[in-house]
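Novice: Fit chain F to the given chain G structure using the hints.
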Amino acid sequence: MNEQLSWKVGGQQGEGIESTGEIFSTTLNRMGYHLYSYRHFSSRIKGGHTNNNVRISTKEVRAVSDNINILVAFDQQTIDLNSHELVQDGIILADSKFSPEKDENLNVQLVSIPFTETAKALGSQLMKNMVAIGASARLMNLELQPFKDMIYTMFIRKGQEIVDANHEALIQGYQLMDDEMVRIKGDFEMLPSDSEPRLFLIGNDAISFGALNAGVRFMAAYPITPASEIMEYMINNLPKVGGTVIQTEDEIAAVTMAIGSNYAGARSFTSSAGPGLSLMMESIGLSGMTETPLVIVDTMRGGPSTGLPTKQEQSDLMQMIYGTHGDIPKIVLAPSDVEDAFYTTIEAFNLAEYYQVPVIMLSDLQMSLGKQSSAPFDVSRVEINRGKTITEDIEDQADEYFERYGDEEDGISHRPIPGIKGGIHHVTGVEHSPTGTPNESPENRQVQMDKRMRKLKDFTMEEPFKVQGNVDSDLLILSFLSVNGVAREAAERIDADVTTVNLKQIHPFPIDALRPYLDGAKEILVIEQNYSAQLQSVLKMNYPGHDRIRSHVKYDGTPFKPEEIETHINSILKIKEVM
Amino acid sequence: MATFKDFRNNIKPNWCPGCGDFSVQAAIQKACAANGLEPDELAVITGIGCSGRLSGYIKSYGFHSTHGRSLPVAQGVKMANDDLTVIASGGDGDGFAIGMGHTVHALKRNIDITYIVMDNQVYGLTKGQTSPSSGKGFVTKTTPEGSKENPIQPIRTALASGATFVAQSVSSDIKQLTAIIQQAMDHKGFSFINVFSPCVTYNKVNTYDWFKENLIPVEDIEDFDHTDAKNAMQNVMEYDGLLKGIIYHDQEAKSYQENIEGYLDQPLIKKEMTLENDTFDELMAEFR
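So the protein sequences, as listed, match chains G and F.
Numbering-wise, our numbering puts 481 at position 481 of the first sequence, and it's gapless, one number per residue.
Numbering-wise, our numbering puts 115 at position 115 of the second sequence, and it's gapless, one number per residue.
Since the hints were made in silico from the structure, they are not lab data.
Any given hint might turn out to be false.
[Stated by the list, open to error] Calculated lysine to aspartate or glutamate pairs in the EDC-like style (CA-CA distance at most 16 angstroms, straight line):
{"hint": "1", "chain 1": "G", "residue 1": "LYS421", "chain 2": "G", "residue 2": "GLU463"}
{"hint": "2", "chain 1": "F", "residue 1": "LYS271", "chain 2": "G", "residue 2": "GLU392"}
{"hint": "3", "chain 1": "F", "residue 1": "LYS270", "chain 2": "G", "residue 2": "ASP393"}
{"hint": "4", "chain 1": "F", "residue 1": "LYS108", "chain 2": "G", "residue 2": "GLU408"}
{"hint": "5", "chain 1": "G", "residue 1": "LYS148", "chain 2": "G", "residue 2": "GLU168"}
{"hint": "6", "chain 1": "G", "residue 1": "LYS240", "chain 2": "F", "residue 2": "GLU272"}
{"hint": "7", "chain 1": "F", "residue 1": "LYS204", "chain 2": "F", "residue 2": "GLU219"}
{"hint": "8", "chain 1": "G", "residue 1": "LYS457", "chain 2": "G", "residue 2": "GLU408"}
{"hint": "9", "chain 1": "F", "residue 1": "LYS5", "chain 2": "G", "residue 2": "ASP399"}
{"hint": "10", "chain 1": "G", "residue 1": "LYS574", "chain 2": "G", "residue 2": "GLU523"}
{"hint": "11", "chain 1": "G", "residue 1": "LYS240", "chain 2": "F", "residue 2": "GLU149"}
{"hint": "12", "chain 1": "G", "residue 1": "LYS421", "chain 2": "F", "residue 2": "ASP265"}
{"hint": "13", "chain 1": "G", "residue 1": "LYS240", "chain 2": "F", "residue 2": "ASP265"}
{"hint": "14", "chain 1": "F", "residue 1": "LYS5", "chain 2": "G", "residue 2": "GLU400"}
{"hint": "15", "chain 1": "F", "residue 1": "LYS270", "chain 2": "G", "residue 2": "GLU392"}
{"hint": "16", "chain 1": "G", "residue 1": "LYS421", "chain 2": "F", "residue 2": "GLU38"}
{"hint": "17", "chain 1": "G", "residue 1": "LYS240", "chain 2": "F", "residue 2": "GLU261"}
{"hint": "18", "chain 1": "G", "residue 1": "LYS120", "chain 2": "G", "residue 2": "GLU168"}
{"hint": "19", "chain 1": "F", "residue 1": "LYS108", "chain 2": "G", "residue 2": "GLU249"}
{"hint": "20", "chain 1": "G", "residue 1": "LYS421", "chain 2": "F", "residue 2": "ASP40"}
{"hint": "21", "chain 1": "G", "residue 1": "LYS421", "chain 2": "F", "residue 2": "ASP6"}
{"hint": "22", "chain 1": "F", "residue 1": "LYS136", "chain 2": "F", "residue 2": "GLU149"}
{"hint": "23", "chain 1": "G", "residue 1": "LYS46", "chain 2": "G", "residue 2": "ASP75"}
{"hint": "24", "chain 1": "G", "residue 1": "LYS240", "chain 2": "F", "residue 2": "ASP278"}
{"hint": "25", "chain 1": "G", "residue 1": "LYS120", "chain 2": "G", "residue 2": "ASP164"}
{"hint": "26", "chain 1": "G", "residue 1": "LYS421", "chain 2": "F", "residue 2": "GLU41"}
{"hint": "27", "chain 1": "G", "residue 1": "LYS421", "chain 2": "G", "residue 2": "GLU403"}
{"hint": "28", "chain 1": "G", "residue 1": "LYS574", "chain 2": "G", "residue 2": "ASP474"}
{"hint": "29", "chain 1": "G", "residue 1": "LYS457", "chain 2": "G", "residue 2": "ASP410"}
{"hint": "30", "chain 1": "G", "residue 1": "LYS240", "chain 2": "F", "residue 2": "GLU276"}
{"hint": "31", "chain 1": "G", "residue 1": "LYS240", "chain 2": "F", "residue 2": "ASP281"}
{"hint": "32", "chain 1": "G", "residue 1": "LYS240", "chain 2": "F", "residue 2": "GLU286"}
{"hint": "33", "chain 1": "G", "residue 1": "LYS561", "chain 2": "G", "residue 2": "ASP66"}
Since we're looking at a predicted model, the values are computed, not measured.
Extracted from the complex, chain G is given alone in its bound form:
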C-alpha cells in the first residue's frame, strides 16, 4: 500500500485530457486525499501533446513528484514523451486503439485497454476518459462510489441517460483492469485517506476569491496566459455581489481603468502576466505618484518577450520591484502557497488602500494553474481596512481645495473620494502641492517626494515570510511562490538542520525580520526559476558581504522536482564536511 502515487494522463490537446484529470483528481480530493497537480500544455487550441499530472497523497503535498507511477496514454506520443519518468515497474495504461508500444529499454509495464472501443460501444467515444478513470481506480484499488457520485453531479443536467452511460463506462473500465490485475507486478494500491474535507483549487481561483472577499467590485483586464482564469472567475462571480468586469482593449486601458475606479473609491484591480505588466509600467508610476491605491496580479510565465507563454518561470521579479521610471513607494507580495494566496490577496487590497500605493501580487504559472488541495478558507480572518479613505461628506471644510497631499507624519494623507462634499482636490502625475496643483519648486518637490517615500520606510507586514526550522541551521533555503513546496519537501529528506524560508514580502525587503535567520545559517541557498538569480541578487543587495549565499536556478520552463534540490543540498552539506 502506498502513501503517495503519481498519476499522469496524456494525449492530444482538445481531446478531453484536461477533463479526465479534472474528474479523477476532484473525486480523489472529495475522498480526502491530498493532491498536487501540474498541467503541461501549449499555446494552441487543438492538437499538440498535453498532459495532466496528479500527485495523490495521504499527507500534505506541495510539489510535483520526482517520478510517475501510472501513465494513462491516449496516444503513442504520450508514451514516447513521458514513459522515461515512470518508476521502475511503473505502469502504462494505454488505449488499445493505437496499438501502443513501449521502449524496450525501459523497465515498465504496458497494459493495453480498449478505452475508445469500449466507449464507442456504449454510445460515444467521448466516454473513453471514464473507461480510463475506471481502470485507474481499479489499479489503485479505490472505491467506485465517489466516482459515480462525481459523474452524477457533472452530468445530471444533461439527463439520466448520459449519467447511466458514463457510469457504465466507468464500471467497464474498472472490470477491464480487474482482468489484468493478475499480470500486474508491484503495488499500486493507495492507503486510505483521512477523509477530511478540503478545497481543491488553482492559485488563480484563490486569488480571485480573495479579491471578492477584499471588497473588490470592479475589475478591468485583458486576457493572457496564465492570468485569464482570474478575470473569468470575476466575470462569473462579481455580478452576484453587484459588481462587473470590463474586458479592455489592452493592458494599459486595464490598469488605468482600475486606477480610475480605485480613485473614485471602488476597490478594483487588474491581472496579467509579464508582457502585460511591461505595458503597465508607466501607469504603476501614475498610481505611485497620485497615491491612488492599486492592486495588480502578475502571474509570471516564461519570459522575455512572448517567451514561454505556457511554462513556469519566476523572472519578472526585478521588473516588479524596480519597474516604472522614477521613485515610488511600492509593495510586492508573493503568497507562500495556494491557501495563503487567498489571505495575501485580501491583505494586498488593504495595504494598497492603507498606504495609498501600488501593490503587485505575484504568482507564477505553477501556483496559478496547478490545482492543489488546501484547507478551507476561514471567513473570520477576512478583514477590510480602508485606512485614511474618506467616504462621507466633510462638513466643516471651507470652500477651498482639500489638502489631499497634506504632509502627514506617517506620510499618508487623507483621501476623500470624488463626489463627497468638502473633498474637492486635484490629482496629477505631475509633481504637485498639498492640494494637488502642479508645482515644480525644489522645496515642494523635496517635501512631497519625502512624504511619499516615508510611507513604506519601516514597512513590514504581519508575516513577511513563513519559516519552518530553527534560527540556527546548517542550511537556510530561501524561495518564493511555487518553489516553496519543492524546497520544503527536499529539506525534509535531508538529515541536517535545514530551515526553509518562504518569502512573502518581496519588496520592501524585510531584512530586519530575516536577519537573525540569515546570521544563524551556516549556508544559505536561494532557489528560484529564472536565469539571472534575481532573488539571490535582491538578498545580496540587502544582506551584503556574505559569501555563504549560494544559488540554484532553473529556467527550462518546468517546475523543480524535489530530487533536484535534494541533490544540491547534499552537495553543499558534503562540501562543508570536507572543509
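Specialist: The following block gives chain F in isolation, referenced to the frame of chain G:
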C-alpha cells in the same frame, strides 16, 4: 444652485494668450452650471498636453492622468460612481495618436461620459511637431517638407466606431459649444465632441479665421438629419469633416451601464464590500 463662477478656481492657466483652450474651459464651466451641477458632483479627467491641464483649472474633482489615458481612467471613475458627471478631455495627440486605441474602444463601449477633444492639429506643449490631425503638407519641426500622411478624420472615425453622440465645434463659438456640452452631458452614453481649439503659436494655417471661413454649420445643410447615421456620414464625407454642430445623436441607444442588469440600482461605491456568510460558503463550496 452653483453658478458659472463656482466652477472657477484661482489658478492661472499656463496656456498662451489667445489659446483656444480658454474658451473650451469657459464653455464647460457654463454648461455645468446651466445643467444644475454642483462642483463636487463633477470629475474632470484629462490626459497630457496643453489641454490636459484643464482638470486643474476647473473647480471640481480633477484627475490629470498620463498621455493618452484620460479615457480609461474616466471610464473607471464612472463605473465606480455613476452619480458623478464625468468629463474626459485632452488634445488631438492625446486622443488620436497615443490614445487612439482607447478612443475607438470608448466609442464602441458607450459608457456614459463626455469626451471633449481640444483639437489644434499640432503638438504645442512639446513646441511644434506634427499631430495626427495635421493637414497633409503641414510644415512643422518634425515635418520640414510638409506632412506626408493623411490626417485622422475624427468625426468619420467616431461614426465608424459606433458612436452614439458626435458633435464638432470651434472654441470661438462659446455659445454653441456650451449648448453642445450640455446636451452631451444629458446624453445617456458616450458623447464625443471634437472642438477645434486653435494654437496661436504653432499653427498658422488652421487659425480662428480659417475655421470661420471653412466650417459649415449643419443647420445650413439641406435635409441634414443628426438622428440618421448614414445621412451624417454622407455629409461628413461630402464636406471633408468640416462641419459644425451636433452631427449624430442616437437617443434610443442604451449606455454600457444600462446594459448590465442591476448595475445602476446603486453606485458601485455604495454597494456592500463584505460578503454575506451564505455567499462565502456557497462560493467556497465550488472549490470542493
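Novice: Take the hints in turn and mark each one as holding or not.
Specialist: For each hint, the structure was consulted:
no. : hint                : verdict
1   : G/LYS421 - G/GLU463 : 38 angstroms, violated
2   : F/LYS271 - G/GLU392 : 14 angstroms, holds
3   : F/LYS270 - G/ASP393 : 14 angstroms, holds
4   : F/LYS108 - G/GLU408 : 43 angstroms, violated
5   : G/LYS148 - G/GLU168 : 10 angstroms, holds
6   : G/LYS240 - F/GLU272 : 12 angstroms, holds
7   : F/LYS204 - F/GLU219 : 28 angstroms, violated
8   : G/LYS457 - G/GLU408 : 14 angstroms, holds
9   : F/LYS5 - G/ASP399   : 13 angstroms, holds
10  : G/LYS574 - G/GLU523 : 12 angstroms, holds
11  : G/LYS240 - F/GLU149 : 49 angstroms, violated
12  : G/LYS421 - F/ASP265 : 22 angstroms, violated
13  : G/LYS240 - F/ASP265 : 14 angstroms, holds
14  : F/LYS5 - G/GLU400   : 14 angstroms, holds
15  : F/LYS270 - G/GLU392 : 11 angstroms, holds
16  : G/LYS421 - F/GLU38  : 10 angstroms, holds
17  : G/LYS240 - F/GLU261 : 11 angstroms, holds
18  : G/LYS120 - G/GLU168 : 12 angstroms, holds
19  : F/LYS108 - G/GLU249 : 11 angstroms, holds
20  : G/LYS421 - F/ASP40  : 6 angstroms, holds
21  : G/LYS421 - F/ASP6   : 14 angstroms, holds
22  : F/LYS136 - F/GLU149 : 6 angstroms, holds
23  : G/LYS46 - G/ASP75   : 15 angstroms, holds
24  : G/LYS240 - F/ASP278 : 12 angstroms, holds
25  : G/LYS120 - G/ASP164 : 15 angstroms, holds
26  : G/LYS421 - F/GLU41  : 9 angstroms, holds
27  : G/LYS421 - G/GLU403 : 14 angstroms, holds
28  : G/LYS574 - G/ASP474 : 11 angstroms, holds
29  : G/LYS457 - G/ASP410 : 9 angstroms, holds
30  : G/LYS240 - F/GLU276 : 11 angstroms, holds
31  : G/LYS240 - F/ASP281 : 13 angstroms, holds
32  : G/LYS240 - F/GLU286 : 14 angstroms, holds
33  : G/LYS561 - G/ASP66  : 5 angstroms, holds
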